[in-house]
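Line by line, the protein sequences are chains A and B.
Under the working numbering, think of the first position of the first sequence as 1, with each following residue one higher.
Under the working numbering, think of the first position of the second sequence as 1001, with each following residue one higher.
These aren't lab readings, by the way, just hints derived from the structure by calculation.
We put the beta carbon where it would ideally sit given N, CA and C, even for glycine.
Among the clues, some could well be false.
A partial selection of chain B residues facing chain A, derived with a Cβ cut-off under 8 Å [said to hold, decoys possible]:
id	residue
1	1010
2	1011
3	1022
4	1026
5	1027
Over 12 Å on every C-beta distance to chain B, these chain A residues come out as not near it, computed from the model [unchecked claim]:
id	residue
6	19
7	144
8	178
Which stretches of chain B does chain A cover? Using the computed rule of at least three CB atoms under 8 Å from a CB of chain A, they are [claimed, not checked]:
id	stretch
9	1012 to 1019
10	1173 to 1184
There are 2 protein chains.
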Amino acid sequence: MLPEIPRCYQRLEFLGDAVLDYVVTAHLYFKYPGLTPGLITDLRSASVNNECYAQSAVKAGLHKHILHASQDLQRQICSTVEDFEKLNLDSTFGWEAETTFPKVLGDVIESLGGAIFVDSGFDKDTTFQCIRPLLEPLVTPQTLKLHPVRELTELCDQKGYIKKKDVVSRENGIAYITVEVEANGVVHTSTCSGRDKLIAKKVASKNVLKSLKGCPSNATTEQ
Amino acid sequence: MLPEIPRCYQRLEFLGDAVLDYVVTAHLYFKYPGLTPGLITDLRSASVNNECYAQSAVKAGLHKHILHASQDLQRQICSTVEDFEKLNLDSTFGWEAETTFPKVLGDVIESLGGAIFVDSGFDKDTTFQCIRPLLEPLVTPQTLKLHPVRELTELCDQKGYIKKKDVVSRENGIAYITVEVEANGVVHTSTCSGRDKLIAKKVASKNVLKSLKGCPSNATTEQ
């Protein structure tokens, strides 16, 4: 391997990050001329982020081709791919995955985007056409789901439910988060743990949402 | 005013956000071929953010032309412009401003970027040429400053200083943050307040940095 390759890969990732954001934004802007700015921004948030790119990379099997020499990273990638296969996801956007993706998985898509952009003589249309199959199915207003943390906050605001302050603790490098909502006198709560606080919060919020949406027999409900 | 203008303005902002990020990224990528990915990413962070755009908008006097009917927003804009004039900044990038910018100021630059992009038949080069004078002087590796919070963390890591956990409190909607570092047995501390927690943390970190960099007579130093 040539000595400049690692540097190039990261510089391409830097470029690809901005290029992909831009081509997906332009795609959404022109495809949905009637959409409100709020909704079109939600569409972008759900489709331009490291989680989506990481899921796209795994779906396409690109994780098998990453050159590195870190056993720790290898373990992380394997465990991510396992979690991912359990979920058997159809989509590559949204917030379904309940796992932390090693940053390198998303970086692969970004650097590919950067490489195609340079290789095509800086042609944004070619870049989008080439990278789009990896990102399919793209999010649409019909398939858009809000991030569970945001969905829960909005639901509480709308319905006048009382959202307690999250309780966070940490033990042996594992974060524990308890999300609690009181709705019409009933307390809905979920405690989740994870290496990553944000993932734990996401999953706990998903559980509370499920419970609030009429599954009172869920294990997450307490009266 | 036509009823669709507010919607258009925000949709153009959505587009302009991605376009500006992209044209500045491409500019940095091609202008500094030898720069490490870390440094080039820092350059982008320092030049593509709402604070820079807001500063550019105020420098060009664009805040005088925003059409709105909110007295509260008007007060915020006036107080921002006053703070800004006190600082007498040469640059429109970086982290010097010790004030929170109303989001609308940065949005003006983004929507202008979007409008020029649409108006030029989606020509990124024209967009960059037109918007660049507003953003000048652009950041360079020589003028780059790290965000004070990050600079303080890196300094502590390098020198083995002990950075205490920030103490945060809130009273009447004002956030108070105490940043404290123990360096060679001397405690350097600063407490700042602000409507915005992040600004308070930034200013407190700047004070502690100043104190650590050999101004032991500063008011921020306690032994």
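Quick rundown of the hints versus the structure:
no.: 1; hint: 1010; verdict: 4 Å, holds
no.: 2; hint: 1011; verdict: 5 Å, holds
no.: 3; hint: 1022; verdict: 4 Å, holds
no.: 4; hint: 1026; verdict: 7 Å, holds
no.: 5; hint: 1027; verdict: 10 Å, violated
no.: 6; hint: 19; verdict: 6 Å, violated
no.: 7; hint: 144; verdict: 15 Å, holds
no.: 8; hint: 178; verdict: 20 Å, holds
no.: 9; hint: 1012 to 1019; verdict: holds (count 6)
no.: 10; hint: 1173 to 1184; verdict: violated (count 0)
In terms of the numbered hints stated before, the structure departs from hints 5, 6, 10, listed from lowest to highest.
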